[in-house]
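Engineer: Could you put together the complete structure from these sequences and hints?
Using this note's numbering, read the sequence shown as starting at -19 and increasing by one per residue.
Please note that the accuracy of each hint is not assured.
Simulated pairs of lysine-lysine, DSSO-like, Cα-Cα distance not exceeding 30 Å [stated by the list, open to error]:
1. LYS94 with LYS77
2. LYS66 with LYS77
3. LYS50 with LYS66
4. LYS38 with LYS26
5. LYS50 with LYS34
6. LYS31 with LYS50
7. LYS38 with LYS50
I should point out that these hints are in silico values taken from the structure, not numbers from a laboratory.
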Amino acid sequence: MSEANPYEGPRLVISNDTLGENIPKPALKGGNGGDRFDPMLEPRVKALEDKFEKMDSKLDTIIADLSYMKGRFESLPTAAAFGELKGRVDSLPTLGKIAALVGLIAAAMTIVLKWHDLSTILNG
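Structural biologist: Encoded structure:
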């Protein structure tokens, strides 16, 4: 115990210099590639890096396409706008309404133009 702190217990000091020297390091195994001392490891890693660079450029293209699509979707009308448009289309006159209106106008014009003949027939 030190004299500065009477409540301090014994200390355990570990040297990091020789901590892992006696522990054998297992070789990496698995797959078709061999272990970490394989002379073909560097070319295989390089090939993987090249493939990932190609994938990275493809991902950049996909991200750009998604951004474009997001912009297009944001400019599309909403459900409320479609509802308003549907209401406006539903309130437009149909072919039957137009035909009825033309028929009424034709009947009114016929009555006005033939009023003299109609009045003589009705008055006797």
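Engineer: A separate judgement is required for each hint: does it hold in the structure or not?
Structural biologist: Okay, the hints, checked on the actual structure:
Taking the CA atoms of LYS94 and LYS77, the gap is about 26 Å. The hint holds against a cut of 30 Å. A distance of roughly 18 Å separates the Cα atoms of LYS66 and LYS77; the hinted pair therefore holds under the 30 Å criterion. Using a Cα cut-off of 30 Å, the hinted pair LYS50 and LYS66 holds, with the two alpha carbons roughly 25 Å apart. Distance check on the hinted pair: LYS38 and LYS26 sit about 19 Å apart at the alpha-carbon level, within 30 Å; holds.
Between LYS50 and LYS34 the CA atoms are separated by roughly 24 Å; this keeps the pair inside 30 Å, and the hint holds. A threshold of 30 Å between alpha carbons decides the hint, and for LYS31 with LYS50 the separation of about 28 Å falls inside it, so the pair holds. For the given pair, LYS38 sits about 18 Å from LYS50 by alpha-carbon distance, which is consistent with the 30 Å threshold.
Checked against the numbered hints listed earlier, the structure breaks none of them; every hint is satisfied.
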